[in-house]
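K.L.:
Could you put together the complete structure from these sequences and hints?
2 protein chains.
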Amino acid sequence: MPINRKILLNERPEGMPDKHTFTFTEEETGEPGENQVLIRTIYASVDPYMRGRMENVESYVEPYQLQEVIAGGVVGEVVESKSAAYEKGDIVLGSYGWQTHYIAEESEIRKIDASIAPMSAHLGILGMTGLTAYFGLLKIGKPQAGETVVVSGAAGAVGSTVGQIAKIQGARVVGIAGTDEKCDYLKNELHFDATINYQETDNLEQALKDACPDKVDVYYDNVGGEISDAVLTQLNRKARVVVCGAISAYNLTKPDVGPRVQYILIKKSASMEGFTVGDFSGSFKEGAEQMARWLAAGQLTYRETIREGFDSIPDVFLSLFSGDNIGKLVVKVSEPQEQQ
Amino acid sequence: MPINRKILLNERPEGMPDKHTFTFTEEETGEPGENQVLIRTIYASVDPYMRGRMENVESYVEPYQLQEVIAGGVVGEVVESKSAAYEKGDIVLGSYGWQTHYIAEESEIRKIDASIAPMSAHLGILGMTGLTAYFGLLKIGKPQAGETVVVSGAAGAVGSTVGQIAKIQGARVVGIAGTDEKCDYLKNELHFDATINYQETDNLEQALKDACPDKVDVYYDNVGGEISDAVLTQLNRKARVVVCGAISAYNLTKPDVGPRVQYILIKKSASMEGFTVGDFSGSFKEGAEQMARWLAAGQLTYRETIREGFDSIPDVFLSLFSGDNIGKLVVKVSEPQEQQ
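Those protein sequences? They're chains A and B, same order as listed.
Using the numbering used here, you'd call the opening residue of the first sequence number 1 and step up by one each time.
Using the numbering used here, you'd call the opening residue of the second sequence number 1 and step up by one each time.
FYI, nobody ran anything at the bench for these hints, they're computed from the structure.
Incorrect hints may appear among the rest.
Since copy identity is lost for identical chains, a pair holds within one copy or between any two.
List of simulated lysine to any residue pairs, SDA-like, C-alpha gap at most 25 Å [as the list claims (entries may be wrong)]:
hint	residue 1	residue 2
1	Lys139	Phe280
2	Lys167	Glu34
3	Lys238	Lys267
4	Lys215	Ala297
P.N.:
Have a look at this one:
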């Protein structure tokens with residue numbers, strides 16, 4: 001039997017997680033039982049929302065428990081099957097997280113079609129990341145042709161997808177990101193109409209005024225903090241703010257304080273709505289099919305950064321908060337044995 | 001011809017308005033022209049939203065212009081008519097504001113039915129105040145039977161109506177107000193399920209936890225500021241925050257700063273939406289008819305404070321911000337000549 005290596009939550013972080021947050025352990029995998037399969041992990045996902053689950057606060061998903069595996073999206077290969085539904089070599093999607101192997105019930109996994117896109121895309125644009133962009137933008141933001149959509153964290157996995165879907169809807173898209181490289185990517189490869197490098201701007205409000213002469217109808221917010229404070233000053237009447245992420249706040253040790261939003265919302269008859277992709281679980285099939293169609297038609301593109309090695313997972317996770325990466329971050333844990 | 005006395009915006013207030021904000025002037029009314037009527041004001045409305053119109057900022061309604069009359073709701077009596085639609089003695093509703101007389105076009109006024117309720121009620125529960133409560137609660141808050149609805153500024157004209165409509169919907173209603181007298185009124189006369197006197201509480205979050213054991217599904221916010229900061233910590237999943245007023249912020253001279261809301265909205269998949277009653281102008285008839293039915297059936301009650309005399313209008317307006325009044329504030333400017 002192979003050895004299963006696992007990454008556990010060792011202690012709850014205060015502020016930025018560090019090496020004490022996680023601990024590695026290992027155990028024998030054991031044998032799959034009736035209707036179970038043994039999976040070897042190929043790709044593990046690292047996502048900003050995982051930071052929230054490390055805190056012991058009531059939220060939309062259960063907090064991680066101490067000394068338990070950090071759960072999250074994985075793509076794996078079936079290496080032994082006692083299920084009629086799966087056979088050795090099947091590529092499956094699961095949510096069992098940061099471990100090299102897993103014995104799954106049939107209901108915990110589903111086969112993925114690796115002919116549409118590389119299997120890692122099922123952790124990104126064809127997975128929860130893409131659906132987060134899809135539902136947040138279309139069901140909450142509801143952009144109309146000709147409207148101005150501003151996206152923060154625009155070069156991230158969610159933000160870069162949001163901007164492209166907004167373009168498909170006929171909106172004018174403005175991306176906010178933190179490096180010139182990211183802004184170049186958004187303009188040149190994803191055809192955003194305008195970008196703002198907030199690191200190079202000493203007056204973000206003015207930069208937004210310049211980039212959004214017709215003001216902001218939809219703001220898809222991945223970051224919170226001062227960037228969002230500035231965008232909120234530029235809302236149009238009946239603007240919709242999609243509150244998807246607040247990465248600026250996740251690792252704060254002091255209260256996250258800024259201008260109160262109530263007066264702006266009244267003056268503009270504007271709304272802010274938070275969500276998590278699970279709110280739309282009843283429509284995942286519809287969303288995934290639409291995303292696959294757009295991807296196949298070349299209307300969507302994506303970038304992913306693949307880091308190597310199970311041991312690197314905690315560091316790759318922490319790099320989400322340094323603001324350097326473009327697109328989706330995944331960790332390659334092992335090579336598939338079968339042909340893709 | 002009678003003399004028309006008028007109250008003009010003399011200068012834009014910074015912080016709390018004072019005696020320099022307003023100036024009185026007078027002029028001859030002149031003669032009504034063809035299809036016009038001359039109206040003598042009986043009741044003038046004073047409302048918190050007027051503070052916002054004194055600032056020269058883009059908003060949902062045009063700012064007041066310097067040296068122009070402060071516009072707002074009025075009930076008046078037709079004293080001379082050159083319109084086939086109106087005759088002497090008709091009681092009409094207008095929005096020509098703080099002046100003793102006005103020559104109106106037919107389209108600027110409408111007759112009111114003083115048989116349903118005293119004519120002043122058309123500035124309150126049967127007027128814009130009531131519709132503000134009605135649409136904000138039912139179209140944005142959407143309370144369901146058994147849910148918990150929290151109302152701030154609960155003893156005010158809007159808040160006291162919101163709570164009663166929420167009770168009609170079968171919700172559990174918790175009111176936040178600033179005096180024991182107000183809390184007694186809410187519990188004993190309006191049958192709120194619980195009240196919190198925020199002036200007598202040194203831990204508003206704990207008081208909310210005690211008053212809302214099932215947390216908060218709908219928060220109808222008339223005040224903003226620290227009271228709303230506390231309520232937002234107690235939201236349920238999928239909670240709706242109706243942002244109607246931010247009276248705590250209207251007279252601030254420094255930035256209105258507090259805990260940012262983004263992370264809460266994400267964690268709870270909650271929404272905040274600002275509005276003004278004009279957003280629902282297409283449904284005013286429906287709303288007004290429903291309010292009149294509830295009032296006639298005894299399912300709604302209201303309290304109004306009537307102050308006397310045109311000269312008192314600026315002081316009565318300022319008293320809105322001292323937190324002392326219960327229900328709707330109106331100023332009686334003259335006696336009706338005809339029988340009500």
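K.L.:
Cα distance capped at 25 Å. Does Lys167 pair with Glu34 within a copy, between copies, both, or neither?
P.N.:
neither (48 Å within a copy, 55 Å between copies)
K.L.:
Measure nothing new, just compare the shortest in-copy and cross-copy C-alpha distances for Lys139 and Phe280 to 25 Å and report within, between, both or neither.
P.N.:
both (9 Å within a copy, 22 Å between copies)
K.L.:
Check Lys238 against Lys267 for me: Cα-Cα at most 25 Å, and say if that holds within a copy, between copies, both or neither.
P.N.:
So Lys238 and Lys267 pass the 25 Å test inside a copy (10 Å) and across (24 Å) alike.
K.L.:
Between the shortest in-copy and the shortest cross-copy C-alpha distance, which are at most 25 Å for Lys215 and Ala297: within, between, both, or neither?
P.N.:
neither (31 Å within a copy, 46 Å between copies)
Hints 2 and 4 from the earlier list are contradicted by this structure; the remaining hints agree with it.
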